[in-house]
Amino acid sequence: MNRKNVRVKIDELKTDVGLFKNLELSIGKVTEEKWAEPMGPTPFPSVTALRNWDMKLLQRYKPFYMPFCDLCCLCTYGKCDLTGNKRGACGIDMAGQQSRIVLLACCIGAATHIGHARHLVEYLIEKYGRNYPLDVGGLNIQVEAPVTRLVCGVKPETLGDLEEVLDYTETQVTHLLSATHTGQEGNNLDFESKAFHAGMVDQVGMEVADIAQIAAYNLPKADPEAPLVDLGCGTINVEKPVILCIGHNVVPSVGIIDYLKANGLDSEIEVCGLCCSAHDATRYYKRAKIVGPISWQLRFIRSGFPDVVVLDEQCIRIDTYDEAQKVKAPVIAASEKNCVGLPNRTNDPPDEIVKDLVSGKTPGVLILDPEKVGEVATKVAVQIAPLRKKFKTLPEIDEIIQKSKGCRQCDDCRRACPQDLHIPEAIKAASQGDLTKLADLYELCIGCGRCEEACPIDLMIHSFIVKAGEKQLKQETYKIRCGRGAIQDVEIRNVGSPIVFGEIPGVVAVVGCANYPKGGEEVAEICKEFANRRFIVVTSGCAAMSAAMTKDDEGKTPYELYTGEFTAGGIVNVGSCVSNAHIAGAAIKIANIFAKRNLRANYEEIADYIHTRVGAVGLAWGAYSQKAASIAAGFWRLGVPVIVGPHGSKYRRMLLGRADKEEDWYVLDARTGEKVYVGPAPEHLFYAAETKEEAMVMIAKLCMRPNDTTKGRAIKLTHYIDLHKRLFGTMPEDIHLFVRTVADIPVTMKDEIIKILEKKKWKETVIPDPTLLPRLVRKRKE
Amino acid sequence: MATAEPWQTAEVPGPKKAFVIAKADVAAKMINKAKRPVLIVGSKAVEIDFGDKKLIDYIIELAKKGKIPVVATAHMVNEFLKRDYKPKGWMPAVDISNRLTDPEWKGLDGKGQYDLALFVGLPYYMEWTILSGLKHFAPNLKTITLDNTYQPHASWSFPNTKVKDWAENLKVIIDNLGGE
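In order, the protein sequence lines correspond to chains A and B. Everything in the first sequence is counted per my numbering, starting at -16 for the first residue and increasing by one. Everything in the second sequence is counted per my numbering, starting at 2 for the first residue and increasing by one.
So here's chain A without its partners, still in its complex pose (with noise of 0.2 angstroms):
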């Protein structure tokens, strides 16, 4: 039993002490204590409870700071110039500011993950009660919530146990938010100890959104075999009316799919999702579709296919109201988070909005009710349609021709591109007739629309584009299995000896959004690359969408082709991005699971666990967003390296290990206490990579671990020299760093190793039992 605000009020009690008239008696909460497992030393830990944890890592991870302003303009004494590590007014430095601004960041999405989950449970507490039980994964997980578990040490068994979970968020994110105001925090390394707070929390707060998601909406409960649904714009039925939901929060999309059913019109409409909106629609309702990324949304809108546009919460493009207003598609806001200045009907009779939106006397409003945003959706998707006949702003051929004759070759389009596309090129080359260099941008472009933006002449350059690329849009036809939420209990038992020990080579965890440096193709190449190389590959977000987008010979796509069981050679969706969550808890479940750590409250040692056992790697290949900053600090807290595409230098600092420092590489032996140097494994925590091709070697490389067993390093060593040999050409350099004895290297390339390791003046070391942590030690050296 857990209570909030319980009150007990007696008028009149006789007692043998006496009599006492108008006791009232008020208590916060009534814990029954349920759960055996003793208490860990850090239950709801506080903003420096593991800041000790913290400064370990960040003494082998330092800061490499990259400033992407040299300025800071946060109070009226600025600007101030920050120029060399100059201090500013305040006393700030450069470094310091850096640092600050990567907390700001961090508490940004991690507001976001925990606003996103209150608003949630707050609603299903309302429709379902605070006693609906929290079944993720029936008898197949024993384990929910082991975010929840370790950072806060209580078991949340239903949707009113989250309600304290959430307290404690939002408490350690406001805090974390003030010591960002000038004159709080100053140095560095505190405010980095603090990003990896607001990152354990956000982990949290996005576990308590998946899991409420997952029990309430009986969403997939950690099924191997959860549905494969449709992604693609080809695979959207344009003939009937179209309803599109963007955004994060699926209650909006579970409205107007229950009014669908309810209403007998689940075939006659389609309802479609960009970003995670679209996940998680596809786990509720397999005949929901995904559209595609983040990058979608312009070219979907634009080629008029949604006769509604939904919007709910994040990662939403800011104008999409004035880009659905140009394709007459009415817009329905549904999250407070997000009115974008529409008036709130949420009171007014559904059949009064539909007429005002139909007509088009008003074409958008607010509401703040997800079954009336069911209703008036549908409604105005059936009456619309046929007048507005899928009215589109794209130009026809012709007129791409006609127009780019007026381009002045500036290039300010190019100067304004993220991804620097040659676009004046294809400009010209379209003014002459020849479309096909406009068509060659559309699978490189992220749709941003900053061309069109600094454009002179006002050419729709974005347009242009998806017009050329057309086909590929009428053409993209997929299959991905929709996210499956946690992994089972018995999953982790089977893998988490193999992956301990090495024989697993790692986990790839493909996640994050789709600011990609040359298109979505990459990933999915990334997937199907070590998923043949039997690691196991966990995706997430709008990654998991690109993984999905492409087509073997057979027109297989890669959800089709390899099981979505945790299990290696595995590519696993578990969902949206709060269900990233269920990444860590993967890794945090192998820890308890596998190898029998305490898990309550107990964050230190497992996070030494996972950082020194467990080969994960997370890659945000296209991180644009705060949320990806905080989702991947969470992962850095857990010692868990993260790499990010060329577009992730942005977030301006680097966690990077010196693998020439060989002080910097020891560990502890937990069974003599005796310091044993281990190489850089894992190399770095947090780094961006230039090229796939990098990318790619560095996943195998940081996928190495202290513990490995033998066999499990070799085979491990296997796969890096491998890919090093294939896409760099040439044997890796560092290879004696990571030889720990000779059964490390691997059979078929013993001779020429054992060159390298002379010529080195390798010398062998032991395999430790190996820890951070000091108290970990279970016999000390006399």
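Calculated directly from the structure, the hints in this document are not laboratory data. Some hints could be false.
Unchecked claim - Selected chain A positions facing chain B (in silico; Cβ < 8 angstroms):
id : residue
1  : G61
2  : D64
3  : T674
4  : E676
The beta carbon of each residue, even a glycine, is placed where N, CA and C say it ideally should be.
Start from chain A and add chain B according to the hints.
For chain B alone, kept in the frame of chain A given last:
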């Protein structure tokens, strides 16, 4: 038109901006003057085609003529090896840059930190952030970009220059390197 504005319009710098290299032979002189230069070559070096040769081919020539050690970033080592040139080192761009901020680093040859880092061929925005890191945290290092786009965080940068002129600039630098 050669202008000293950041190539990506919004990538504006702070108060301290790169000096503009108005003549390529000036760049050669600065390289010649350096005691320990290093040349960092990114992935675009193989994508940029001047017609007769690719950027990487000019860079190899330049490195050989100036006897400048090369660090290949990304997967570029492969491209160098294909051209029978072994770079002195290869590592991620952020790794070499991080080392350049460490006064104690012994360099690729164990002889000490570098005093001049030449950058070429990284994605514009990545080079921008990296050069920013070096501007702020490597006070004893001078940086020159050999790209044809203005990099405001370098110590010295060419202005935004047409590809044809870029090739000419590289030829001038190569011609004027060494000589002692």
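Which hints, by number, does the structure contradict?
1
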